[in-house]
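K.L.:
Can you build the whole structure from these sequences, using the hints too?
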Amino acid sequence: MTTVNQVYTYSVQKYPFYGKNPSKWKNVIRHWLCLNEDFVKVPYPFGKHDGETFWTLRKYAKKEEELPANL
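Just so it is clear: in the sequence shown, position 44 is 44 by full-length UniProt numbering, and no numbers are missing.
Just so you know, these hints were derived from the structure itself, not from any lab. Treat the hints loosely; a few may be bogus.
No farther apart than 30 Å at their CA atoms in a straight line, the calculated lysine-lysine pairs in the DSBU-like style are these [to be verified]:
{"#": "1", "residue 1": "Lys26", "residue 2": "Lys14"}
{"#": "2", "residue 1": "Lys20", "residue 2": "Lys41"}
{"#": "3", "residue 1": "Lys41", "residue 2": "Lys14"}
{"#": "4", "residue 1": "Lys24", "residue 2": "Lys14"}
{"#": "5", "residue 1": "Lys26", "residue 2": "Lys41"}
{"#": "6", "residue 1": "Lys14", "residue 2": "Lys59"}
{"#": "7", "residue 1": "Lys59", "residue 2": "Lys24"}
{"#": "8", "residue 1": "Lys24", "residue 2": "Lys41"}
{"#": "9", "residue 1": "Lys41", "residue 2": "Lys59"}
{"#": "10", "residue 1": "Lys26", "residue 2": "Lys59"}
Predicted model, so just to flag it, every value in this text is computed and none were measured.
P.N.:
Okay, here's the thing in structure tokens:
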């Protein structure tokens, strides 16, 4: 499970050229996570909500029927 900010940080560390213009590619990452069926939002751990959205690969998520429909 990871947050979008962790994806951003990894991307800049792995591919430094992303650090030069973050606003454009960050929108693409958020959009891609929402549309790609391989990724799912997961419920906030322990009911904690600090504004971060958690994501995981579908194959690592709990059974799909256990995930809330609005995620």
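K.L.:
Determine for every hint whether it applies to the structure shown.
P.N.:
So, going through the hints one by one against the coordinates:
no. : hint          : in the structure
1   : Lys26 - Lys14 : holds (15 Å)
2   : Lys20 - Lys41 : holds (28 Å)
3   : Lys41 - Lys14 : holds (23 Å)
4   : Lys24 - Lys14 : holds (17 Å)
5   : Lys26 - Lys41 : holds (17 Å)
6   : Lys14 - Lys59 : holds (24 Å)
7   : Lys59 - Lys24 : holds (29 Å)
8   : Lys24 - Lys41 : holds (22 Å)
9   : Lys41 - Lys59 : holds (12 Å)
10  : Lys26 - Lys59 : holds (24 Å)
In this structure, every one of the numbered hints holds.
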